[in-house]
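Those protein sequences? They're chains A and B, same order as listed.
For reference, each letter of the first sequence is one residue, going 1 to 184 in my numbering.
For reference, each letter of the second sequence is one residue, going 1001 to 1372 in my numbering.
These are calculated hints, taken from the structure and not from any lab test.
One or more of the hints may lead you astray.
Stated by the list, open to error - Straight-line distance between alpha carbons at most 30 Å, and here's what the computed DSSO-like set of lysine-lysine pairs gives:
id : chain 1 : residue 1 : chain 2 : residue 2
1  : B       : Lys1301   : A       : Lys14
2  : B       : Lys1078   : A       : Lys17
3  : B       : Lys1305   : A       : Lys70
4  : A       : Lys38     : B       : Lys1040
5  : B       : Lys1078   : B       : Lys1305
6  : B       : Lys1334   : A       : Lys67
7  : A       : Lys184    : A       : Lys157
Please read all numbers here as calculations on a predicted model, not as lab measurements.
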Amino acid sequence: MKKEFYNIANLVTKNAKILDVGCGNGELMKYITENISKDIRGIELSKSNVQKCVEKGLTVIEGDAEKDLKQFPDNSFDFVILSQTLQAFLDPENVLNELLRIGKKAIVSIPNFGHWKVRLHLLLKGTMPVTENLPNEWYNTPNLHMCTIKDFENYCKQRNIKINLKNLKFQNLFSELGIFILEK
Amino acid sequence: MSEKDKIKTLLVKKPLKLDCGQTISDFPLAYETYGKLNDKKDNAILVFHALTGDQFASGTNPITKKDGWWNYALGPGKAIDTDKYFVIAANVIGGCMGSFGPSDINPETKKPYGTNFPVITINDMVNAQYNLLEYFKIEKLFCVIGGSMGGMQVLQFVSNFPNKTHTAIPIACTASHSAQNIALNELGRQSIMADRNWQDGFYEEKNKQPDKGLAVARMAAHITYLSKAGLQEKFGRKLQERDDLKFSFDADFQIESYLRYQGSVFVDRFDANSYLYITRAMDYFDLTKKFGGNLSKAFEKSNTKFFIISFTSDWLYPTSENREIVIALNAIGKDVGFVEITSDKGHDSFLLDVPDFLNTVRNFLNKSYEKI
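Excised from the complex, chain A in its bound form (with noise of 0.2 Å):
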């Protein structure tokens, strides 16, 4: 399992109530499953990896983050996930609005812009970066609303979104991915 699922697994509290949106494959699920809390379920838009989802005997439900959250009830959950597909939603400032909505506690995971590599990469090269992190080309991403952690701050601190992180500038130069824990 990648490292970002251990980060946010071990920010989730033991037998919380957790919505995983974007499940993927769920992998990162199956780990909280079983190691944290059996209360979760997932939402997940492609159809082969709810295939996998239920394969693996997980509760996940077929359907669009930027369409299908406003199903559940205000403050339904004690965490909602979110995985590193902020930046791929058409509206992301709604389904954050929802995530927190829906959530005690949202955690929200970011592919930083802001990292060393992505700035040297538009410096010297003069493209749009390709890192490990962000794959994809300019023409193919399904990336729509990049970020840097700064920005993403910046957004929760206009609208007053408790959000917890120490030490901004430094992990904005060298952190490929920002992990946030979101509070109302």
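Chain B: place on chain A using the hints.
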């Protein structure tokens, strides 16, 4: 052994108050079983059939000599594995395969009930079938499963008996029969009633059969079970055993011949009045009615784990209607999974060899059974 002896029936002695107001008792309910009930009695699955199905879900139907209607999904080593699970397939009251129905003899008149048979609802069907749990002394089922009208029975069962099953799989169904579906059922009923042999429903005592009307009803319904793409791919404009059009009303096209065949074989196995009664039950089905339009309330007391399945090309019970059930369950924080299977086989997909569907059912059942 006569044909009737091949049908297992439970004689339900307990009075059952029907939604129409009448009370019935001492009535037969037909069923079939597959596999073995284990000592813990925790491996039982109750299967509900669709409109024209019956209790012979697997193997060979001893009455029609055809394959059971769910042969692809149900049997030893199949998605619903009868080597592992004990499957009870329940027939419905109002039907014509051994359960109390309109062709039964009315003890008062000594003639078949015909249209004097009480109108039955999905709720009545499920309340009758519940007696099977008591008969087999099963405290809690592992799963209730069914497609189309069988899915409606699944929803009604969980609503009526909230903690009598660990899991529930409603497939290609709805919680509230749509105007379009009522309209299509009415088309079928009117076709039966327009047949002169129907005789206001008392055809049996007059030794007549409204075969033409029933066949047309089946032909119309059969189209709704398929998809436009599926029909086009299978038949297109192919001609039936001829090189050119005959400039007549003969079955020039293969699709015409196919539908005529479907109609003609159907009348051999199905009773016209049962068709009226069961389609009526579907039309009356609206699980939200008792709960002020709020479907969530129908499931409030249940701890059942739901798994809902729809098909991309099903326009009779489309994904959107299946999703309504998912939404209602999520609104009250119930455990629900949902999958839409890609298939061009239309509503009938759940009866056919659709590997993604069969794998999904197999995986959900086996993984859920590990956890009970």
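Going through the hints against the structure:
1. B/Lys1301 <-> A/Lys14: holds (26 Å)
2. B/Lys1078 <-> A/Lys17: Roughly 34 Å separates the two Cα atoms, so the pair is violated.
3. B/Lys1305 <-> A/Lys70: holds (21 Å)
4. A/Lys38 <-> B/Lys1040: Given that 30 Å is the threshold and the Cα spacing comes to 25 Å, the pair holds.
5. B/Lys1078 <-> B/Lys1305: holds (22 Å)
6. B/Lys1334 <-> A/Lys67: holds (19 Å)
7. A/Lys184 <-> A/Lys157: holds (11 Å)
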